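**Q** Using the hints, position chain B against chain A.
Protein chains in written order, with numbering that gives the first Met the number 0: chain A, 0 to 348; chain B, 0 to 167.
By construction, these hints were calculated from the structure, which means they are not laboratory data. The model shown is predicted, which means the values in this text are computed figures rather than measured ones. Some hints could be false.
[Stated by the list, open to error] Where chain A lies over chain B, by a calculated footprint (3+ residues, C-beta under 8 angstroms): (1) 38-52; (2) 61-70.
[To be verified] Chain A is nowhere near these chain B residues, computed Cβ spacing over 12 angstroms in every case: (3) L6; (4) T11; (5) A13; (6) V19; (7) I26; (8) L32; (9) L56; (10) N58; (11) I91; (12) S96; (13) T133; (14) E140; (15) L146.
A virtual CB, placed ideally from N, CA and C, is assigned to each residue, including glycine.
Letter by letter, the chains look like this.
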Amino acid sequence: MLELILETLIKAAIIVGLPLGSIPIILVVERRGAGFMQKRLGPNRVGPFGLMQPLADVFKFLFKEEVEPSHVRPFFYTIAPLIALVVAVMPLAVIPVAAPFDFNGKTIFPEVFHTDLGIFFAFAVSALGSYGILVAGWASNNKFSMLGALRACAQMVSYELSLTTAIVAMIFLYGSNDIHSIVAEQTGYWFGFLPKWGFFVQPVAAVLFLVGIFAESNRLPFDLAEGESELVAGYHIEYSSIKFAIFFMAEYVHMLVLSGLFIILFFGGYSLLPGMELLVGDSALMLTIMQVLSFIIKISLMVWFFVWVRWTLPRFRYDQLMMLGWERLLPLGIFNLIITVLVVHFRNH
Amino acid sequence: MMFVDVLLTVLTVAFALLTVFSKKTVISAFALLMTLVCIGGIYYQLGSVFLSAIQVLVNAGAVAILFVFVMMLIDLEKYPNNTERSKIKLIITVLTSLVSLGVLALIINNNIDTITVVNLSDSSMKALFDRLFTQYYIPFELATVLLLAAVVAVVVIANNNKQHPGKE
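Chain A extracted, bound-state conformation (with noise of 0.2 angstroms):
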């Protein structure tokens, strides 16, 4: 009982303190990416490369004053960054960062949820993530913040919809809701050069699923909750300080989660990189790091890809945004999800 107390803490604290541990990362990467894409500078002042500038910011916020308003409701305006952070942080326990390893006899799964759930926690959980940021834009009693707030509410749950039949579609493909046969499923070549990776195979679903994340983690081109230029700040108008940054850090984490799980379904999770088998061997312990590596490399790619769209698309009007997801995505999805249905039945049979 206490080796498994504590392998869960390590792994816990592992995988719970690498993607907070690197948004500082994403955050130095975001803003010189904004400068690199404006054909400025960008801050590069504080340390090497403006290296330590997140440092600056996460100090900053720390050490400002916090203020309270006097018309906002004190328990639900406490506990919304709260909400929002745990929410975002939950789903990270099922994602897998390796395939299972042994160590000391015993096989350790490198997640530190091992659930028969699979896929469907990661989602379960994430689907209460709009809670933090309604109770956050009706517990400011403000009304820019209330407008936020219901934006940004009514925005996720329509994209959930066509995000859940691309999930869908691909557990139908893989015949498999366990992370570790998903993306059993994905290693290997076709052809001896093509990964065999799930957007090759539903690159409708892709699509999909890559905008639904846009939406679901409130990011440029979809950032209605907070749009500047009609809302203020939208749902984080009356938080000062660290309630702020805690905002900031929840909506990195949901966005490295969402990342996560894109790779996972379609660009092979944890499998290795084309050309990395070269380097493993027959070691044990160089595969898992080599996994690990592999991951790694991709979500940080996935990382570029949400620095490079937020600088390369406006903003879309509020009305444009819900007859994309209810008019175009939602039936291009059921007709994926009946297609793939038919095919899948087909070639079983």
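**A** Only chain B this time, still in chain A's reference frame:
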């Protein structure tokens, strides 16, 4: 594991009571949400892992969010509470509760020998749908017809714009 079961049961009942007895509608809605999540936890403890995921995904993630959404949108705190308590209302409430409790007790009492907690954890999805699409197929289909009827009714009511000419 016993401790977790007891904790979940106590939490479920506590939040359910809060849902009914809270004076503030938004707190009721959040208590309802917590009740739904805790019921998901109970399903998980009983070994029906797929059902627990669906419970959280659909009921807590979509249905309850619409309740909260509407309650926040119309901001019921502004309106005075309907505190009118008539005797007829009280009698009807008590009678309805007693009758439903009685029916439930009767059902449980008659089937107490056949109720067994099946450990479905090996492949709970398969086990669930094996039952759902064979033994319980007709009730399942009837439930979907009911939902369809509700959807049609909502569309008809929402589109009933004849008294407002000029609006689409």
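**Q** Does each hint hold? Answer for all of them.
**A** Checked hints:
no., hint, in the structure
1, 38-52, "holds (count 5)"
2, 61-70, "holds (count 5)"
3, L6, "holds, 18 angstroms"
4, T11, "holds, 17 angstroms"
5, A13, "holds, 17 angstroms"
6, V19, "holds, 20 angstroms"
7, I26, "violated, 9 angstroms"
8, L32, "violated, 8 angstroms"
9, L56, "violated, 4 angstroms"
10, N58, "violated, 10 angstroms"
11, I91, "holds, 33 angstroms"
12, S96, "holds, 30 angstroms"
13, T133, "holds, 19 angstroms"
14, E140, "holds, 19 angstroms"
15, L146, "holds, 16 angstroms"
Hints 7, 8, 9, 10 from the earlier list are contradicted by this structure; the remaining hints agree with it.
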